[in-house]
Amino acid sequence: DAGVTQSPTHLIKTRGQQVTLRCSPKSGHDTVSWYQQALGQGPQFIFQYYEEEERQRGNFPDRFSGHQFPNYSSELNVNALLLGDSALYLCASSPPTASTEAFFGQGTRLTVV
Amino acid sequence: GNSVTQMEGPVTLSEEAFLTINCTYTATGYPSLFWYVQYPGEGLQLLLKATKADDKGSNKGFEATYRKETTSFHLEKGSVQVSDSAVYFCALSRTTSGTYKYIFGTGTRLKVLA
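Residue numbers (this note's numbering), protein chains in the order written: chain L, 1 to 113; chain H, 1001 to 1114.
Okay, chain H solo, but in the shape it has when bound (with noise of 0.2 Å):
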C-alpha cells in the first residue's frame, strides 16, 4: 500500500544552520508529494510540492527534489530561522478513478535555537 517515512524529530538546530528532514515514501504509479508546515495551535499549511519525477517545489527559502530512483523527497533549508519552529509533514496524494486523498508521514518537529 501507499505510505511515507519522515525522520524522527525533534530536530534542534541553531539560527542559520542547514536543515534537512528526510522523507521517503511508498506508492504504485506516480503520486504527487508535498510538504506540509503546522504551527503550534494551526491546522497545516501547504510548504511546498512536486508532481512529476525531477520536479524540484520551492517556498520561503525551503526546497524538496522528487527523486523517483530513491522514493525520496527530503526537505532542505540553507539557512534556518527560529520562526521555522513547527512541525513539518511529508505527505503523498495519488488520484484514482477521479478521487484521491492524502497519506501523510507521522512529522518532525523541527525547533531552532536563536
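Pulled out of the complex, with its shape left as it was, chain L reads as follows (with noise of 0.2 Å):
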C-alpha cells in the first residue's frame, strides 16, 4: 500500500504566479482534506473534498482552490502567490466508514520568491 503521496516533494515559485499540488489518496478512501503548516506552526485546515466537493473550507481566501477527480485524486491551486504562502502543504485522505482517523501524505514544501 503506497498510502498517501503528493507531488511535487519541492517547489520554488515566484510572487504572482500560480501552483497547482497533487495529491494521491491512500487506497480505499475517498475524502481528501488539505493542510497548510508554516514554519514552526501546527497544521492549519484549508478546506476537505467529498464526492469531488468542497465538503468543508476553513479560513483561507479564495486564491486557495481545490478539485477531486473520480478516482478520489486532488489537486490544490494557489493563485496570486504571496511570500506569506510559503509553507508545507499537507494532504490526508480517510476511508468512506465513520471515522475521525486521517493519513498524511509527507507534504509538498512550497517556497515563495
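Watch out, some of these pointers could steer you wrong.
What the hints assert, rightly or not - For the chain H half of the interface with chain L, some residues (derived, Cβ under 7 Å), not all of them: (1) E1042; (2) T1099; (3) F1104.
Unchecked claim - Some chain H residues flagged as far from chain L (calculated, every beta-carbon gap over 12 Å): (4) L1013; (5) A1053; (6) D1054; (7) T1065; (8) T1071; (9) H1074; (10) S1083; (11) D1084; (12) S1085; (13) L1113.
Said to hold, decoys possible - Which stretches of chain L does chain H cover? Using the computed rule of at least three CB atoms under 8 Å from a CB of chain H, they are: (14) 44-51; (15) 54-65; (16) 101-113.
Keep in mind that the hints were calculated from the coordinates and are not lab data.
None of these values were measured; they are calculated from a predicted model.
Where a beta carbon is used, it is the ideal one built from N, C-alpha and C, also for glycine.
Dock chain one against chain two, each of which comes alone in its own frame, and use the hints as you go.
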C-alpha cells in the first residue's frame, strides 16, 4: 500500500505566480483534506473534498481552490502567490466508513520568492 | 471555538529520561484526541488516539489519557530514546454533519541526547 502520496516534494515559485499541488489518497479512501503548515507552526485546515465537492473550508482566501477527481485524487491550486504562502502543504485522506482517523502524506514544501 | 494548546518547546532530555508533553483543549461536545509525530523533512504520522473520555491511547511506549474533567491529553513516555527526537503535535477532531477537520496545536520539539 503506497499510502498518501503528494507531488512535487519541493517547489519554488515567484510572487504572483500560480501553483498546483497534487495528492493521491491511500487506497480505499474517498475523502481528501488539505492543510497548510507554516514554519514552526501546526497545520491549518484549508478545505476538504468528498465526492468531488468541497465539503468544508477553513479560513483561507479564495486564492486557494481545489478539485477532486473521480479516482479520489485531488489538487490544490493557489493563485497570485504571496511570500506568506511559503509553507509545507499536507494532504490527508480518510476512509468512507465513519472514522476521524486521517492519514497524511509527506507534504509539498512550497517556497515563494 | 475549538482550540488546542500544548507546551512550548524545545524539550531537551537525556536518553532514558521520563517524558511529559502537556496538551489541553477547548471544544464543544466530545472531540476525538490525537498525538501526531513529525520527523525532519516528513509529514505527520499518527502516534496514538483516544475517542472518548477516560480512553487511554498507547503506541511504541507512548501513552495519553483523555481527561474530560481537565480537558487534557498529556503525552507520556517512561524512557525516551534518541530516535524519539521529533516534533509532536496534539490535535482534536470533531465530526459535524458527517464532516470533520483536525485542529492542531503549535507542536513541541523534543530533542533526546545520548
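Evaluated hints:
1. E1042: 6 Å, holds
2. T1099: 5 Å, holds
3. F1104: 3 Å, holds
4. L1013: 20 Å, holds
5. A1053: 15 Å, holds
6. D1054: Since the minimum Cβ distance to chain L is about 18 Å, D1054 (chain H) lies beyond 12 Å and the statement holds.
7. T1065: Since the minimum Cβ distance to chain L is about 18 Å, T1065 (chain H) lies beyond 12 Å and the statement holds.
8. T1071: 18 Å, holds
9. H1074: H1074 (chain H) clear of chain L: closest Cβ-Cβ about 17 Å, beyond 12 Å.
10. S1083: 19 Å, holds
11. D1084: Holds: least Cβ distance 19 Å, greater than 12 Å.
12. S1085: 16 Å, holds
13. L1113: 22 Å, holds
14. 44-51: holds (count 4)
15. 54-65: Three-residue rule met by the segment 54-65 of chain L, so holds; n is 3.
16. 101-113: holds (count 7)
The structure shown violates none of the earlier numbered hints.
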